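Engineer: Please arrange chain B on chain A, whose structure you already have, making use of the hints.
These are the residues of each chain, in order.
2 protein chains.
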Amino acid sequence: MESDSLVQSAASVAPIAGDELKRRRFLQHAGGVLAGAMASAATGAFAQGESASPAAAQAQAGPEYPPGVPPWSKTPGKPISKHPYGMPSPFEKDVALDVRPTDKQYWSSSARSPLQDLDGIITPNGLFYQRHHGGVPAIDPAQHRLMIHGKVEKPWLFTMEDLRRFPSVSRIHFLECSGNPGYGVHGKTAAQANGLVSCAEWTGVPLKTVFEEIGVDTSAKWVVAEGADAAALTRSIPMEKCLDDALLVYSQNGERLRPEQGYPLRLLVPGFEGNMNVKWLRRLHVVDAPAYSREETSKYTDLQADGKARQFTFYMEAKSIITSPSGGQKIPKGVCEIRGIAWSGHGKISHVDVSVDGGRNWRRAELQLPVLTKALTRFRLLWEWDGKPAVIVSRATDETGYVQPSLEELVRLRSLNGTYHNNAMTPWRIAENGELTNAYA
Amino acid sequence: MESDSLVQSAASVAPIAGDELKRRRFLQHAGGVLAGAMASAATGAFAQGESASPAAAQAQAGPEYPPGVPPWSKTPGKPISKHPYGMPSPFEKDVALDVRPTDKQYWSSSARSPLQDLDGIITPNGLFYQRHHGGVPAIDPAQHRLMIHGKVEKPWLFTMEDLRRFPSVSRIHFLECSGNPGYGVHGKTAAQANGLVSCAEWTGVPLKTVFEEIGVDTSAKWVVAEGADAAALTRSIPMEKCLDDALLVYSQNGERLRPEQGYPLRLLVPGFEGNMNVKWLRRLHVVDAPAYSREETSKYTDLQADGKARQFTFYMEAKSIITSPSGGQKIPKGVCEIRGIAWSGHGKISHVDVSVDGGRNWRRAELQLPVLTKALTRFRLLWEWDGKPAVIVSRATDETGYVQPSLEELVRLRSLNGTYHNNAMTPWRIAENGELTNAYA
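Note that the protein sequences, when read in sequence, are chains A and B.
At position 129 of the first sequence (counting the first as 1) the number is 129 in the UniProt record's numbering, and the numbers step up by one without a gap.
At position 179 of the second sequence (counting the first as 1) the number is 179 in the UniProt record's numbering, and the numbers step up by one without a gap.
Read the hints as simulated data drawn from the structure, not as lab findings.
A quick note: this is a predicted structure, and the numbers were derived from the prediction, not measured.
Check the hints yourself; a few may be wrong.
A pair holds if it fits inside one copy or across any two, identical chains being indistinguishable in the list.
To be verified - Heads up, simulated DSS-like pairs for lysine-lysine below, C-alpha to C-alpha not over 30 angstroms straight-line:
id	residue 1	residue 2
1	Lys151	Lys208
2	Lys104	Lys78
3	Lys333	Lys188
4	Lys188	Lys241
5	Lys299	Lys333
6	Lys330	Lys82
7	Lys154	Lys330
8	Lys74	Lys333
9	Lys74	Lys308
10	Lys93	Lys78
11	Lys241	Lys299
12	Lys188	Lys82
13	Lys308	Lys82
14	Lys188	Lys151
15	Lys104	Lys188
16	Lys154	Lys241
Just chain A, same shape as in the assembly (with noise of 0.2 angstroms):
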């Protein structure tokens, strides 16, 4: 990496590139593989990496198929289930949470989104990052009561059925832990280097609403949240917040919460680092002062190179990264869809650059619209990879004008004393077999 080529202008981007590999011929290096009636392989310029694909090696020998019949077109397939709640096929077990075998125990503890392999910007389920402090309650949602007291005109104690009458909205946000990834930290795939980051559709009711029935008073600045979880983790909220874009969620992408994702209810507030968004939520408290509880004060601040802490930094800089090709891959000498996710904090992304030479260069990439605020967003870069070592990185440019900074440019400002709200960029190298690792590893 050079540092100094990472934090030049934007004036010395070029214009979005791709549009001369667009009208190239990606088939160019390879015959028709039907050209007369038989099939020999798939060798276009999107397949010429034969050694890096055994499906593809297997078609150069000449594939059975056409005109042999697989198996599961001869026989009926599985009928419909008994048990219908539909899960991946078997062939893609490997896809999972990305855990860390080191953990000393999995009570506190975290499960990384496996971003490698992942499309678009909405995260399933299933694959929806963890992290939590005291593990994860199995809550009853009829015994479970959300209380709002304080310096309210009418303190209240809300049933599920409750919140579930009030009007509601959906929004797609995502959600990323401030420790993603912290300091020192190069992990080897983008799961492992950024996985405390994912992004959903969430319906619920926005707390502006519910504040607005139960009266605060103007004198309120702070709300305190708990969970009902055994860490009973509490973070303050300024009111301003609350009364903008805070919502009190209980479905994610169309279903109800998953239980690690604060089932039945949690708080969201959009583009604030990942646990003020208290899951199990059970109580807001109105206050006048934050309540400096743990997660505010011995956690969840930034140490800074003088002693000092850095105190309530909420926002989620804007920040990006390349998911494909990325760590662990290997990819074939040619045509090269450099893929990734941009998100920030403070609304929507503008544009993301892509350097291939470590940070000397950049090219502008396409967004994947609409862009929506503080969600993810896809950018993609086509590019065509020569078979020499290369560097690969992006940079998110968010819409108040922030450049998302290199990580010597991020530690000289913060020192390496921190942990958390590291938003550096995490450029992967390519070696001459095309095989990527983290350039800092």
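Structural biologist: Same frame as chain A, but now just chain B:
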């Protein structure tokens, strides 16, 4: 149902309602639940139906919590799972696909999405509707091939790795079986009434890109798509659609397609009837004329009153259904948010009107933004139920100006001879005790 009033012009529709309800106090019917130190019950406007809610009834009796601490707050919960793919809470076990117990067999059968339990527009993969013609094949993706041949310059055989190397896009679109719900079917629940529709974020390759690569003859007018299932399900797709927004899809809601949805590859022709989106796609034959396959002649055609059949009726026309409250549910008197989904195979939903008097008068519902083309669109309308019998029904209009018909209107146009393309409104009757049933049942 007053069929005449159902076809009145949009001019008689009242402006967006609900604002006056929002301004009133939702909690007006009850004192503060925590007005001293301890709880009594949540009995505001959204919680006034004590008899309908065992939880509320229990709260009424004086809940133990707070200050009583529930068991899940006292001991650590479940640690991070060793099987790192999440599942819904056991308390949600009844939220499942709806399978007809009366089907003679389950290889050529269907399972309905539980619309009455879902929020937002994304259907979670485990609850996406299913329709199979020869069971669900268990396909090894490394062995799977897509053959494209016929009127092309370079007939080709693609592996999954080849296809994943092509430039990709992600799009949110609905899918609906054209047999949803059939005629003479008046399901008791929203799932049974119209549950063969779902919506997801799909990722794959634009078919146009692949066709440009292999060089399609300008004379070619149709593409015959064939599945690798035992039914070898075969449908003819107009070339115009293939060069417009058709996709070769390998991912759904971030992860690889589920087996029930065509793993490892399906065709997506947004807005066209479900079975044209051929699952387990193994072949595209580029030709001059349609195949006149079983699924576009003896099946999936629309028999009219005169004995002639409408053929190649691709488009799923504008439709909507109220999902909450809906058949099988029970509501208390008072404020109620009417929620539902609308969609159109022709593009975006422009508006949805809701009637609470069986179609005499209509109010415009709020649409959840952003409204996406050929995607489910969530609508909502605040309403205060006075406890008298009522019939609630929704009516969608799409951006072409097409208005969803009443059943009477549709039958008048097309007779009851057909099986497919019933996009009529679904009215729900509310009895004095708050119970909802299908108004046609």
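Engineer: It remains to establish, for every hint, whether it holds in the given structure.
Structural biologist: Here is how each hint holds up against the structure:
1. Proximity of Lys151 and Lys208 under a CA criterion of 30 angstroms is satisfied intra-copy only: 15 angstroms inside one chain copy versus 60 angstroms between copies.
2. Taking the shortest alpha-carbon separations for Lys104 and Lys78, only the inter-copy value of 15 angstroms comes in at or below 30 angstroms, while the best intra-copy value is 41 angstroms.
3. Taking the shortest Cα distances, Lys333 and Lys188 sit within 30 angstroms of each other inside one copy (22 angstroms), while across copies they are farther apart (57 angstroms).
4. In this assembly of identical chains, the alpha carbons of Lys188 and Lys241 never lie at most 30 angstroms apart, being 36 angstroms within a copy and 42 angstroms across copies at closest.
5. Taking the shortest alpha-carbon separations for Lys299 and Lys333, neither the intra-copy value of 46 angstroms nor the inter-copy value of 47 angstroms comes in at or below 30 angstroms.
6. Taking CA atoms no more than 30 angstroms apart as the test, Lys330 paired with Lys82 passes between copies only; the shortest distance there is 28 angstroms, against 40 angstroms inside one copy.
7. For a Cα distance limit of 30 angstroms, the shortest separation of Lys154 from Lys330 across copies, 28 angstroms, qualifies, whereas the shortest one inside one copy, 60 angstroms, does not.
8. Taking the shortest alpha-carbon separations for Lys74 and Lys333, neither the intra-copy value of 37 angstroms nor the inter-copy value of 57 angstroms comes in at or below 30 angstroms.
9. In this assembly of identical chains, Lys74 and Lys308 lie within 30 angstroms of each other by CA distance neither inside one copy nor across copies; the values are 69 angstroms within and 35 angstroms between.
10. For a Cα distance limit of 30 angstroms, the shortest separation of Lys93 from Lys78 qualifies both inside one copy, at 18 angstroms, and across copies, at 22 angstroms.
11. In the homo-oligomer, the alpha carbons of Lys241 and Lys299 lie at most 30 angstroms apart inside one protomer (21 angstroms), although the nearest pairing across protomers, at 55 angstroms, exceeds that limit.
12. Only between protomers do Lys188 and Lys82 lie at most 30 angstroms apart by alpha-carbon distance; the minimum there is 21 angstroms, versus 40 angstroms within a single protomer.
13. Proximity of Lys308 to Lys82 under the C-alpha cut-off of 30 angstroms is found in neither arrangement, the shortest distances being 59 angstroms within a copy and 39 angstroms between copies.
14. In this assembly of identical chains, the alpha carbons of Lys188 and Lys151 never lie at most 30 angstroms apart, being 49 angstroms within a copy and 46 angstroms across copies at closest.
15. In this assembly of identical chains, the alpha carbons of Lys104 and Lys188 lie at most 30 angstroms apart only when taken from the same copy (21 angstroms versus 51 angstroms across copies).
16. Within a single copy, Lys154 and Lys241 get their C-alpha atoms as close as 21 angstroms, which meets the 30 angstroms cut-off; across copies the closest is 58 angstroms, which misses it.
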